[in-house]
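Start from the sequences and build out the full structure, keeping to the hints where you can.
In case you want the letters, here they are:
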Amino acid sequence: MTAADHALTRRRPKSERVIETFLFLAAGLSVLTTVGIIFVLAIQAADFFAIVNPIDFLTGTVWSASIEPFRFGVLPLVVSTLMVALIALVVAVPLGLLAAIYLAEYASVRTRNVIKPLLETIAGIPTIVLGFFALNFVTPNLLKPLFGSAIGTYNTLAAGLVVGLLITPLIGSLSEDALRAVPRGLREGSLAMGATRFEMIRRVVFPAGLSGIMASIILALSRAIGETMIVVLAQGTSPKLTFNPLESAQTMTAFIAQISAGDTPQGSIQFKSLFAVALVLFAITLILNVLSNRIVARFRNVY
Amino acid sequence: MSVTPAPPASPTVARFEPRLMRRRLSGTIFLGACLAAIGILLLALVLLLVDVLSAGLPWLDLQFLTDLPSRRPAQAGVLPALVGSLEMGLIVGLITFPVGVAAAIYLQEYAADTFVNRLLRTNIANLAGVPSIIYGIFGLALFVRVLTLGNSLLAGALTLSLLILPVVMIASMEALRAVPGSQREGAFALGATRWQMVRGSVLPAAAPGIMTGIILAMARAIGEAAPLIIVGAVGFVTFLPAPIGDRYSVLPIQVFDWAGRPQADFQSIAAAAIIVILILMVVLNALALVVRIRLSRNIQW
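These protein sequence lines map, in sequence, to chains R and G. For the first sequence, counting from 1, position 135 maps to 134 in numbering that gives the first Met the number 0; every step adds exactly one. For the second sequence, counting from 1, position 119 maps to 118 in numbering that gives the first Met the number 0; every step adds exactly one.
Just so you know, the hints here were simulated from the structure itself, not pulled from any lab data. Some clues are possibly wrong.
[Said to hold, decoys possible] If you only want the chain R side, here are some residues facing chain G, beta carbon under 7 Å, derived:
id	residue
1	Gly-35
2	Leu-94
3	Ile-127
4	Phe-136
5	Gly-225
6	Ala-260
7	Thr-284
[Claimed, not checked] Chain R residues, not near chain G, derived (Cβ > 12 Å throughout):
id	residue
8	Val-51
9	Asp-55
10	Ser-65
11	Phe-69
12	Arg-109
13	Leu-145
14	Arg-179
15	Asn-243
16	Glu-246
17	Pro-264
As the structure is a computational prediction, the values presented were derived from the model and not from experiment. Cβ atoms here follow ideal geometry from the backbone N, Cα and C, with glycine treated the same way.
Dropping the structure here:
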């Protein structure tokens, strides 16, 4: 390096380096957040597991945190969470995919510019509003006429249906991106071979976009599992092990909300159990998110 | 596909049946299913609005906006919750704007493709998927207890800021990525340092996208309820909240409190409070649109 080069590259070295350090620290804050979350959950859950055997916690089928005798088997909460997520996916996967295919393959630019923002509006509605909708409209006006007295005021089905409504735009939007990323040449090749438009979508575009679609579904599943306000309002607060969607139950998130909204003393075993449940919830959603990001990263550069 | 040359009168030609009618019919049925799906989604949106408006509109008047909550629904109002929500949105915006944009600038404009920087990116993507209630638990431990902020609005705002930060970072990174490389090369060619290039050339060009992202993130913070239940927001506050104080409410928590009561009148004022939230959302979205249009007026490439 000559002296002149040196002078040029070093013209504003100090301020530049200070700025870069500041910017790096801002980005690093996100790592501190992750570490902090894991640290808090692990420390507090360890407190709980010193009292309750982790094996009993993970395999127990009775959850009774507020009524004696206290039992801390997390399976009822997990089953209820998965029931809600499953119902949500049954709603959201077909609706989201059909909407995505329509927007990516059939809709004109003008139609798309009207419909897409409307669908994204659904994703922007606060979940407390959707919870109110589930409790105040879906159960009494849609489900009661169908099932009569078999369905309770608080039930898993209404919660699942509305969580499905919440995650549909997520699947729709991400799947549409995946379909749009399929190169034009593949479409034209298929049409040139004599395929109808539907055959082209089914045999060429859909398989080519499948990895992105799978990633969107996994992400939506994670979102459904972590959703709180809809289930808290619509599903009730009875943590029992049931596979009947017409009954009331309680998800992991709803339990956490219920315990922290009430007057539970902070040192009590109930309050400590909150962190153990949160740790399970965090682990499940983290695995799903990592999986989804992996799929996206692996298949991003196929074309 | 292998093509075997066949004489024109070969029997294979006779067996070629395109069955076009049938194939087109299945295509039409599929398109019908697509349209039905869109229809169902729009119908759900309309039903939701009709449900909320029909239950809440009769209760929504000036008195509802300017009164304190009450044990009697007819006299109840949302003023403390409304003020709390506005303060919450403002503080979250003020915190996440500098930090989120700075992080995005680092990752998009400075960071080389090293292990640490890839880790940062992956981490932000994963943070965006952590359930909001988990942030509440973290906020309870860090802000409420360790930093002894108690059940204050500031503790809630800091918790929501952590929740919103990944969203702001991702939106800002997208906005920066959309700025063409020629902008950067032009600035460098004129002798700018990296920071001068970012500040003078890239940031103004990315401003519309960044500002839109921030405003929409503030809207999300205003609509969020789950983490605030954990860090101590409550549904019955009869004074206007200060950032550092013991009790506060926000609109979603107020709705949660009212919607959880069985009486029909409380359901109705919950709906009225929801209308207030939805109006806030519409205003913020409109603001995002206006900002986007105004800021992009001067950008041409």
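Each hint tested on the structure:
1. Gly-35: With a minimum Cβ separation of about 6 Å from chain G (threshold 7 Å), the hint on Gly-35 of chain R holds.
2. Leu-94: holds, 5 Å
3. Ile-127: holds, 4 Å
4. Phe-136: Since the shortest Cβ distance to chain G is 4 Å, the answer is holds.
5. Gly-225: Since the shortest Cβ distance to chain G is 3 Å, the answer is holds.
6. Ala-260: holds, 5 Å
7. Thr-284: holds, 6 Å
8. Val-51: Nearest chain G Cβ is 18 Å from Val-51 of chain R, so the label holds.
9. Asp-55: holds, 23 Å
10. Ser-65: holds, 17 Å
11. Phe-69: holds, 21 Å
12. Arg-109: Answer for Arg-109 of chain R: holds, closest chain G Cβ roughly 15 Å.
13. Leu-145: holds, 15 Å
14. Arg-179: holds, 16 Å
15. Asn-243: Fine: 23 Å to the nearest Cβ keeps Asn-243 of chain R off the interface.
16. Glu-246: Nearest chain G Cβ is 19 Å from Glu-246 of chain R, so the label holds.
17. Pro-264: Holds: least Cβ distance 14 Å, greater than 12 Å.
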